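For the working numbering, add 1373 to where a residue sits in the sequence shown, where the first one is 1.
Any given hint could turn out to be false.
Listed next, the in silico BS3-like pairs over lysine-lysine satisfying Cα-Cα at most 25 angstroms (straight line) [to be verified]: (1) Lys1404 x Lys1416; (2) Lys1533 x Lys1511; (3) Lys1376 x Lys1472; (4) Lys1578 x Lys1472; (5) Lys1472 x Lys1422; (6) Lys1396 x Lys1511; (7) Lys1523 x Lys1511; (8) Lys1408 x Lys1472; (9) Lys1545 x Lys1472; (10) Lys1473 x Lys1404; (11) Lys1576 x Lys1472.
Simulated restraints, written as ranges between beta carbons of each label pair [unchecked claim]: (12) Ala1580 x Leu1420: 37 to 47 angstroms; (13) Asn1566 x Glu1423: 32 to 42 angstroms; (14) Ser1537 x Lys1408: 18 to 28 angstroms.
Hints in this document: simulated from the structure, not taken from any laboratory.
As the structure is a computational prediction, the values presented were derived from the model and not from experiment.
A virtual CB, placed ideally from N, CA and C, is assigned to each residue, including glycine.
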Amino acid sequence: MSKNLVITIGRQCGSGGRMIGQKIAERLGIKCYDKELLNLASKNSGLCKELFESHDEKPTSSFLYSLVMDTYSLGYTTSAYTDMPINHKIFLAQFDTIKKLADEESCVIVGRCADYALADYPNVLTVFITGNEEEKIKRLAEINKIDPQKAREMMIKTDKRRSSYYNYYSSKKWGDAQSYDLCINSTVVGVENAVEIILDCAKRKMAYSEGHA
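Kindly generate the complete structure, drawing on both the sequences and the hints.
Given below as structure tokens:
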């Protein structure tokens, strides 16, 4: 099992989760994978990049999750994989890519059920970033240059999509404190302090894991 440090970042829309992930990666001198993960998964699977972009963190209401994971354990040469809906093939490709990254390098991974994919990896710190509604709306409005009402609609729609995706593909609940090692409200502590807290927690978890190996 890989001993690389991997920090996964789940995040509410507008919470600054991606920014926090990027700053952590910069501090540690490692890469932060967000949309970049889609390119890697496309390359590794042979499926076109546009498919990953159109299905990115989007839930599905068809097919059974158990069948998806049964296929994952059997491999990609089975008839079950051949007959599988494209959204499940995309999930499996991302699942594989996340594990491959963790095996090869220390990194930060934003979203895409990375914490669930790496549940068996010892040196993984799973984080969820939340924030107060007004602050999240304000950040989204500024970044996207839209009015607050549209920012609020974007926030609600995005969080609903991410929640449905995570709850469908993982055995945990999106945003629930029990699903993560660490939950932080970026409105309360600020982006820079959130980075410091996560770095300190990662250091302590690594030390604790080594001491109980």
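Results of checking the hints against the structure:
Distance hint between Lys1404 and Lys1416 is fulfilled; the C-alpha atoms sit about 18 angstroms from each other, no more than 25 angstroms. The hinted pair formed by Lys1533 and Lys1511 meets the criterion: a straight-line CA distance of about 19 angstroms does not exceed 25 angstroms. Taking the CA atoms of Lys1376 and Lys1472, the gap is about 12 angstroms. The hint holds against a cut of 25 angstroms. Between the alpha carbons of Lys1578 and Lys1472 the distance comes to roughly 20 angstroms, so the proposed pair stays at or under 25 angstroms and holds.
As the CA atoms of Lys1472 and Lys1422 are separated by approximately 19 angstroms, the hinted pair is consistent with the 25 angstroms bound. Using a Cα cut-off of 25 angstroms, the hinted pair Lys1396 and Lys1511 holds, with the two alpha carbons roughly 21 angstroms apart. With a C-alpha separation of about 11 angstroms, the suggested pairing of Lys1523 with Lys1511 holds against the 25 angstroms cut-off. Proposed proximity of Lys1408 and Lys1472 is supported: the alpha carbons are some 16 angstroms apart, at most 25 angstroms.
About 18 angstroms separates the Cα atoms of Lys1545 and Lys1472, which keeps this hinted pair within 25 angstroms; it holds. Of the supplied pair hints, the one linking Lys1473 and Lys1404 holds, its CA atoms being roughly 14 angstroms apart against a limit of 25 angstroms. A C-alpha spacing of about 21 angstroms is found between Lys1576 and Lys1472, which places the hinted pair at or below 25 angstroms, so the restraint holds. Checked against the given bound of 37 to 47 angstroms, the beta carbons of Ala1580 and Leu1420, roughly 40 angstroms apart, stay inside it.
Against the hinted window of 32 to 42 angstroms, the Cβ-Cβ separation of Asn1566 and Glu1423 comes to about 38 angstroms, which satisfies the hint. Taken as a hint, the range 18 to 28 angstroms holds for the pair Ser1537 and Lys1408, whose Cβ atoms sit roughly 20 angstroms apart.
Against the hints set out earlier in the document, no violation occurs for any number.
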